[in-house]
Structures are given as C-alpha cells and as structure tokens.
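Trainee: Dock chain B against the given chain A, drawing on the hints supplied.
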Amino acid sequence: MLLIYCPYCEEERSELEFRQAGDAHIARPRNMTEMSDADFEAFFFLRDNVKGLTFERWRHLNGCGRFFNAARDTVSDKFLTTYKAGLPRPDISALRPAASSPVGTAPVETYEATEADAK
Amino acid sequence: MRKYSVFAVAREAMRGHRGWEAQWTSPEPRKAYDVIIIGAGGHGLGTAYYLAKEHGITNIAVLEKGWLGGGNTGRNTTIIRSNYLYDESAGIYDHALKMWDGLSQDLNYNVMYSARGVMMLSHNIHDQQVFKRHIHANRLNGIDNEWLTPEQAQEFCPPLDISRSARYPINGAALQRRGGTARHDAVAWGYARAAADRGVHIIQNCEVTGIRRNPDGSVAGVDTNRGQINAKKVGVVAAGHTSVLMEMAGVRMPLVSYPLQALVSEPVKPIFPCVVMSNTVHAYISQSDKGELVIGAGTDQYSSYSQTGGLQIITHTLDAICELFPIFRRMKMMRSWGGIVDVTPDRSPILAKTPVQGLYVNCGWGTGGFKATPGSANVFAHTIANDAPHKINAPFTLERFRSGRLIDEAAAAAVAH
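Chains as they are written, first to last, in the UniProt record's numbering: chain A, 1 to 119; chain B, 1 to 417.
Chain A on its own, in the form it takes in the complex:
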C-alpha cells in the first residue's frame, strides 16, 4: 500500500484515504456549450494515459478533502512529489537522482527489473 504525502495535512497517509482525480495542469473549457464536438471529445474523453512520469490531481478524500497535485511514475507508482493546487509544475529533474536519464529515455523500471535488483 502506498503512503502519500498530503501537502495540506503535511503528513504521509495511507493511499486508502486518497482518490486520483484526473490530469493536472489542464485548462478546463469555460464555454462548453459552444465547443465543437472534436474539442469536447478531446477534453472530455481522450486521455494521454502516460506510461512513465505523469502530473495528476489527487484528492485527500477521507482526510482534509482537498485537491492537490502530484508527480507520479505510472510504472513504479512512485510519487516523486506532491504539491498544493495552483502551484506551477515542479522541476522534476531536481527531484530525480542525478544518475537517472531524462524522462522518456530512461529504461523502464519493470517489476522484473526491481525484483532482480532485490536478489
């Protein structure tokens, strides 16, 4: 089970208290009734569904109830950082170990690879 740091409660809590709540840093349309079908589809249905580093909203549902943002690796499920809603996207290179390659070119951290490390 993951421990997730809530930037409002300022403590790590069990993932059971949290809910994922979609992509972070996206512009939500203000004129939905005037949007074309294609634009509405792109906003409402289409997803990047990133394999690797992703920025997303989470909600501390069974805690303070507030929304915040997180940078998470969807392969390892590791949270690189969490930060308050409204703050800009953090510089991820500062959070990663210096040796690791830039996102996208790094070797994928598979379950098998991590298990092999453990041995």
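Among the clues, some could well be false.
[Said to hold, decoys possible] Ranges of calculated distance between the beta carbons of each label pair, as one might list FRET restraints: (1) A:ARG30 - B:ARG133: 55 to 61 Å; (2) B:VAL6 - A:ASP48: 17 to 23 Å; (3) B:ALA410 - A:SER93: 36 to 42 Å; (4) B:ALA410 - A:ASP48: 17 to 23 Å; (5) B:GLN105 - A:ASN31: 54 to 60 Å; (6) B:PRO273 - A:ALA85: 48 to 54 Å; (7) B:PRO355 - A:ASN31: 47 to 53 Å; (8) B:ASN59 - A:ASP39: 37 to 43 Å; (9) B:ASN59 - A:GLU34: 47 to 53 Å.
I should point out that these hints are in silico values taken from the structure, not numbers from a laboratory.
Positions of the beta carbon are idealized from the N, C-alpha and C atoms, including for glycine.
Mentor: Same frame as chain A, but now just chain B:
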C-alpha cells in the same frame, strides 16, 4: 502441422513421445508483410488466424514485446458469458460465445471450454431489478439468462450460504447456463499453432518502438528493436499499452490503463461446480480443472502500468468470498498477479479503423476481454481484410466519443466496474 488426435497420442505413447513437433516456429522477421498485428495475446493471434483462414491473407507477422499469451490473456479469470444489456454488446459477446462452442475442433486444440454456467448473485432489490431487466433484454436478443430463487441458486452451487443471517443475504440470482470458463493459455497456444500452420510469423521479444507513415499519412510499417518492418496494414491489439502505441501514430485514445488483479488458492478436490459473480460485494470465483479456486478482484483506484496492484483490493474480495462461501474460510491463497486493462469511458470496446489510413485498433476491453476473444478476433480480421467493419463491430467505433453514440455498459453492464 501434424493433427492432434487420440491416434496421435497412442502413436506417440508407443514411440516414447519423441515425435511431437513444436507447436509454432520462431522465424526471423521479413522486411515486409501484408499485415502486422501488434500484440500476441488471444485477440491478436486470433486476428491473424482468421485473416489467414477466412480472408486468404497469410503474409502476416504478429509482433509481441514479451512472450506469447503473457499479457492479460494469461492473467485473467477465464470467465465466459454474453449477458450484456445493449443490443450492440449482445451482438459481439454472443458472437464470441457461439464461437467458443466448437473452437477446440476448429483449432484442433483443446481450449477446455466448459459451459458450466455463470451465476450472478442478487443481494438487494436494486440488483434484482437490474438483473431481471438484463434477463428480459437478453431473451429478446436470443441469449439465455434466467432468474433463480435463493434455493435454486444454492441447488446450482451448493457451497453458497443463503441463510437469512448471512452477512450478504441473497434474494436471487441470474444464471446464464451457456456461460462458463476456458483454459486461457490454451486459447493463445491454440490460435498460435493454427495461425503458424497457415504461414503466420509469430515474432516474440520484438517490441514496437515506432509506427512509420508514408508522406500521405498512411501507415508504412513499424520500427522495432529487431529493425524496421514494413506493412500497409497494422492492427494494434495491445490491451493496456494501446495508448502508448497509438501515441506513436499521433492518435490520442479514450483509454485509461488500470491494474486488475486475480489470485488462485491451493488446489483442492472438485467442490465448486460453476462460476459465481457478485457485483455488489465484488467477488468472482470458479474452480479450475487443476483444483485451484480462481478469484477475480477489482481494479485499483488509480491508473498505472505497474502490473501489480494494491493488497487491499484482493483482501477486499477475499472478505466477500469468505462471507458468501464460509466453507472456504481456511483456504490458503497461493498466487496473485496483476494485468493492465484499458478502460473506455463507456466500458465498451473499440474495434475500428482509425484516423490513420491502414491503422486499425482493437482495444478497450477493460476488465472483461477474454470472453470475447474468438468473436473479437473474427470481426477484427474482417475489418482489416476489407478496410471496413463487420456488421457486428460497426457500432464499436472510435468516433462514437465524438458523436455521442456511446454503448454505455458502464452503468448497465452486468459487472461492477
């Protein structure tokens, strides 16, 4: 290909089993094929098989980044049923169910399809209303589904606790007798053997890293870790990784990938005669021919490609199983695993052409794709061969998310999501 038969078994028994041949070959990839299928799971291998068998296209490569049948085909709970609510769903899932009956003979490979019945438990008035609506809708579509009283349900599945004092009391059940299970690995292996026999190249450990396009935008082929392979038609059948592959062609998909877990118990003697599902308390259970209880859990709450999942998800399911079947309370669980499922907004699959000429996609099966394997492969082969959908998969377009013509099994499906 040497046919499997009782005579072959007898012949090999006499010869010390030295005459069995490899079920499929591992050829070096050619420079070009007529069709490339990305993903050697049941749906992908089946697509290649039906392209070869029904459409005369045999110059096909099935590319697989791991090993054949190692994705969701080898990770699911093998439940087969077709009791979906809407006409479109009934069409495609029952097409598949009809094909399961006879698939072993068609492939000359025992896929161990067992129509042992799929029973869905109703725990409250809402369940009862929803299931009865399904039963009526199914019957109008010629699909068998019947209502059972709690006593009839227990008669059909003796370990079931129907007492009034049960933690999750049961007020009835919906039973699809033609539903059941099949041997998941055998489905992949059977399609692989039959496809390879017709000349299809199955290339494992071959990861697609890019999709090549002609100047006019149409598909030219793929880049792989084993070099460039050209083809005018490429079919993406990659389940949880569909978004990753389609992004290589610049197509954003209405998909989110989640881990879905399953687990098996220690093997025991035959105790459980059917498949039981309870959507309300989230439990899916059957017994394999090896004797293990095969248990399906839910998806994780957040998107991931981790191929694992939270322990709390499977313990939640086990809690429910122990209440429904107190007889299993002291069983030990042996193994659990996760697969990555691609979920669409309306929980219905996409089997369709894409905005890119020559690129086809079969995805979005979410938590329940295994049951559809033969039907999905069959109509997807038709779509690729004719560059036009079959009547059965015509509604399962990518454009429905633009037009709004959703096939909204999300709220109406017989399964919990």
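Trainee: Hint by hint, say whether it matches the structure.
Mentor: To see whether the hints hold, each was checked on the structure:
1. A:ARG30 - B:ARG133: 55 to 61 Å: violated (39 Å)
2. B:VAL6 - A:ASP48: 17 to 23 Å: violated (54 Å)
3. B:ALA410 - A:SER93: 36 to 42 Å: holds (39 Å)
4. B:ALA410 - A:ASP48: 17 to 23 Å: The hint (17 to 23 Å, Cβ to Cβ) holds, given that B:ALA410 and A:ASP48 are roughly 21 Å apart.
5. B:GLN105 - A:ASN31: 54 to 60 Å: The hinted range 54 to 60 Å holds for B:GLN105 and A:ASN31, with Cβ atoms some 58 Å apart.
6. B:PRO273 - A:ALA85: 48 to 54 Å: With a Cβ separation near 53 Å, B:PRO273 and A:ALA85 satisfy 48 to 54 Å, so the hint holds.
7. B:PRO355 - A:ASN31: 47 to 53 Å: Distance hint for B:PRO355, A:ASN31 is violated at roughly 25 Å.
8. B:ASN59 - A:ASP39: 37 to 43 Å: Given range 37 to 43 Å: holds, Cβ gap about 41 Å.
9. B:ASN59 - A:GLU34: 47 to 53 Å: Distance hint for B:ASN59, A:GLU34 holds at roughly 49 Å.
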